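Student: Whole structure, please, built from the sequences with the hints as guidance.
Below are the chains, spelled out letter by letter.
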Amino acid sequence: MSKSLDDLYEDYRPGWSLPGPFYADPEVFEAEVEQIFRPMWQFAGHACEIPEPGDYFTFDASGDSIIVIRTDDGDLKALFNTCRHRGSAICREARGHAKRLVCPYHNWTYDKDGALIAARAMPEEVDKSMLGLHRANLRMVAGLIFVCTVGTTPDFGPVAAAFGALLDPHDLGGAKIAHSMTYQLPANWKLIVENHRECYHCPSAHKEYARIHYDTRLSSDTWKPEISARTEACRVKWSAMGLDTGNVNPTSSFTGAWWRANRTAFPSGHVTESPDGQPVAPLMGQFTDTDMGTARAGTYPNFWLHATSDHATTMRLIPMGPDSTLMRADWLVRDDAVEGVDYDVDKVIAFTDRVNREDRELILGQADGVRSSRYGPGPLVMDDEQRVKHFLDWYMGKMTSPASLTDRPSAIARSS
Amino acid sequence: MSKSLDDLYEDYRPGWSLPGPFYADPEVFEAEVEQIFRPMWQFAGHACEIPEPGDYFTFDASGDSIIVIRTDDGDLKALFNTCRHRGSAICREARGHAKRLVCPYHNWTYDKDGALIAARAMPEEVDKSMLGLHRANLRMVAGLIFVCTVGTTPDFGPVAAAFGALLDPHDLGGAKIAHSMTYQLPANWKLIVENHRECYHCPSAHKEYARIHYDTRLSSDTWKPEISARTEACRVKWSAMGLDTGNVNPTSSFTGAWWRANRTAFPSGHVTESPDGQPVAPLMGQFTDTDMGTARAGTYPNFWLHATSDHATTMRLIPMGPDSTLMRADWLVRDDAVEGVDYDVDKVIAFTDRVNREDRELILGQADGVRSSRYGPGPLVMDDEQRVKHFLDWYMGKMTSPASLTDRPSAIARSS
Amino acid sequence: MSKSLDDLYEDYRPGWSLPGPFYADPEVFEAEVEQIFRPMWQFAGHACEIPEPGDYFTFDASGDSIIVIRTDDGDLKALFNTCRHRGSAICREARGHAKRLVCPYHNWTYDKDGALIAARAMPEEVDKSMLGLHRANLRMVAGLIFVCTVGTTPDFGPVAAAFGALLDPHDLGGAKIAHSMTYQLPANWKLIVENHRECYHCPSAHKEYARIHYDTRLSSDTWKPEISARTEACRVKWSAMGLDTGNVNPTSSFTGAWWRANRTAFPSGHVTESPDGQPVAPLMGQFTDTDMGTARAGTYPNFWLHATSDHATTMRLIPMGPDSTLMRADWLVRDDAVEGVDYDVDKVIAFTDRVNREDRELILGQADGVRSSRYGPGPLVMDDEQRVKHFLDWYMGKMTSPASLTDRPSAIARSS
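Chains as they are written, first to last, in our numbering: chain P, 256 to 671; chain G, 256 to 671; chain D, 256 to 671.
The hints are simulated quantities; they were obtained by calculation from the structure and are not laboratory data. Predicted, not measured: the structure shown is a model, and the values here were computed from it. All the pointers check out, no bait thrown in.
Identical copies go unnamed one by one, so any copy, or any two together, can satisfy a pair.
Calculated pairs, DSSO-like style, for lysine-lysine (alpha carbon to alpha carbon, straight line, at most 30 angstroms):
{"#": "1", "residue 1": "K644", "residue 2": "K258"}
{"#": "2", "residue 1": "K479", "residue 2": "K383"}
{"#": "3", "residue 1": "K383", "residue 2": "K462"}
{"#": "4", "residue 1": "K492", "residue 2": "K462"}
{"#": "5", "residue 1": "K479", "residue 2": "K492"}
{"#": "6", "residue 1": "K462", "residue 2": "K354"}
{"#": "7", "residue 1": "K258", "residue 2": "K653"}
{"#": "8", "residue 1": "K492", "residue 2": "K602"}
{"#": "9", "residue 1": "K644", "residue 2": "K383"}
Tutor: Structure (structure tokens):
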């Protein structure tokens, strides 16, 4: 790269798309890992994936493999998947069950909290308590597990409050994953976030989505009265059911600096995200009515969720490099629903998988185009892309503010 | 790389092959893109590929995707394939037909000249005339399309004159592509050009080529009288037919600084580039005689052509990195020739495809060898490799002269 | 890399594993090539692979392809596989037979010593004696061929003496390769060497190996008397047979700075490295007794060998990058043994191939783990990993001492 990062940041013009190097430059990507991914809470997975003590899954947090495990007292812990002896990975599978964590190389053995409990032939004088697995921070809200690998973490309190109020009625923690799918996108992760943060492309790209949702009609004078009336009717109904209705609105805008949580009404006659808007699985949680709208939540930089009365879909991004991102989609249904009897997996995933594939084509086309030497920032269309600006402004703030106080590895407590 | 580029250029010794880093160093490759590929005219494709208004093909000009399109008035335009909104590629296929150029992402719509004609929800105050697709320069001669992506271009006049005089009788603009083939060569592009610029390797490597052409016999005292007599006889005949015979000779040397155009007689009894030297397709253009020799033309850095009375072959290089190059070969025959009736594709391509494959083996072997830490420039054998020296001298001149005045992107006109 | 190499070397703490960048950083890898691989003797292959004049194989010495060839007088020569004309590789196959070395590009022709003997159209005044193939240094001991590509080489004398004394009775030079296998390991080469230099992992990882060898019982008070008695009994027997017994011991430690050679007794009842410890091929060399223990030898950085009375296994490492290594295993049996009659290839390779595959899993797990940002050096367990410390201390000495006097390419003699 010919420009320094600082000069590059100067090129950012709020209300315009990013300069090209932000989507391609390895140095920018490294800075993103340090300034954005490591210091932020990243969505790792679901509490319902690891219901029993010893159940674990691994999560790639910017190149750091993290073991998320349930301990004997039912807590969740996040441990670095790196033996304190000579560094071997301990858990080699994406998920599993372990009574103890035993390194396959020399059988150093850790308990579920990460404490070292056995190391053959280790001299007595070595202090085992200094050799526990390194720990990452972990927070769980509404069955969603977030991990932060550095010592000082962003305040999770407001997210816990908002996500809890919105999502607890869906009981995602007591659900099960009906299906998972990982999309490999040879594209910068920000192109995926930007794509998700605007519906300017929906009328032409997502005809099915546009039909069952109001999203593409929000600025239409024809539709405004109906949308208002329908939203207000839903608010009254949901409030009577005891749901938190503090953020019932159709806009999906961010309510916090790096997170959002709102509930959005469907047009009458549609109740869930399926091709025809009709239910595809049994009611979740304590719901008794199918018409619960879409609970929508998300956190920068790697997570968003849509939850309806019968199922929920979560998206998790893992950036692999400047032009490579993995996007995992999980579809959740209630835990006691029986596949083939209560729901058909193909029907549960049809709607969102289609949206994802439609977006994939758009994102890859953009990834190709922004590689051009003649690409330069273009003007965002503010009526439809103000949320892209929100993301880019937040992003640029993170990139240009010192992370020096928050990302010191030394600040992480060792397991003892 | 331990040496600076300037130090490296100092290592060049005219009459010797290049130092190893020229074939491997990413910094050299980047400099080549800026000093050679972007500022020069690159062969992009054939006018006959896009006969109708709205027909287009895309061309990768050093990482810049260029749309070459025929407009309603029959002109050819070269447009950067990057939407002025958020940079998406507009044309995703290698060729196609479009009434208008519509970005697949948000449907911004451009006419065939690149002017922006529609952008949904765009505020009135935004000046659409500033948001046309960026244009590249384009020249066409004898049906061959050349593109230059920077503002100030090398003078194309002499090439247009020489190529026109040589090639217009072949009517390549009114021909059709009988077959295309892309060879992937894990080798530096200069190894391919060097290979093409000498026939020192022909006696052992291209026995078929050596048999039907005089190229390997030019310095043989035994053959000189026949070659002179045959060349002179052809000149007289072709002149009587009204052909330009200003550069009828057997040497294939460059006649301009970065281009060449000559006509070469076949040994008696051979009339085209086929295994037995006999015709493989109907006569092209206005020819009435099969014995028209080989029209040979080329431009540094990415193009050469051989045209005989019945078909023509063009080669286009696209360098993908220091050790990766795509070489596309197109075989052209007259437009109204019917495949399977008037010509057999296998027979049309047999001769040149064989030469290409033989060269591929040699080039890959050289690419392996020059990677050695002990490789150093070797002496060119001037009787047979003087044209390699011509290329290397030209190349080094471009690399060491400032391109600063010619490659400013700002100098390119925006479409309006 | 944020740290300079010098700062990184400062981070090394003897008795602990290496800091993470040593296993991943391209700059460290480049320094290793210059400080370790080029200046050291690398095992290239076996004399028995090229018994006749003109037989050759090629060896990738840190990116330099080397032709190892037998000359007409039976000598072995190591030549750089790069034509002195324009650098093409000359031998394109991994092994073959050549009366003369003829460059495939322009047929420049060299004799088996590398002297240029023909170059078509070369002017008389060019001094062909200056254009022979560049030579590398070569040493052979006990049929093992070592190559060094720089001018000043480490003293090979002690290795020749020790390897000769230990291995000459096995007659590897007169053997044949029963089978070769190349393992591709996406791991740093040092992880492979470290793995081979300790048996701390053997009890859990190599149960078959642990059963037929004493290696895992050396520090067991229960086993010490038997091991001593058995070793002494073998020493007496082998001495009576005329074998050199100067280094009969069970420890496999390095006896020189960068090499080792010892003979180790098997537990009674086992005589070779096979699943049941029983012979899998005819006796090699002049042996008349199957119970000859394991001759074990090795050199830093790329070679080790185990030889028993009936077969031998050699390992050769070729580092391809910071996280990629090729490991070739060769299994040798006596030359006149007939496959399917005197030996079964599957049985010859079963034991060591299994150990190699078990190690492969461990090494890849470690390669994954040391990528973590939180990986840091861990304490070696000295009772079992002192030989890892030996390797790391040697390695760090090479990395921090100037190789400036030994790795000048100019010091290599040209063939004349």
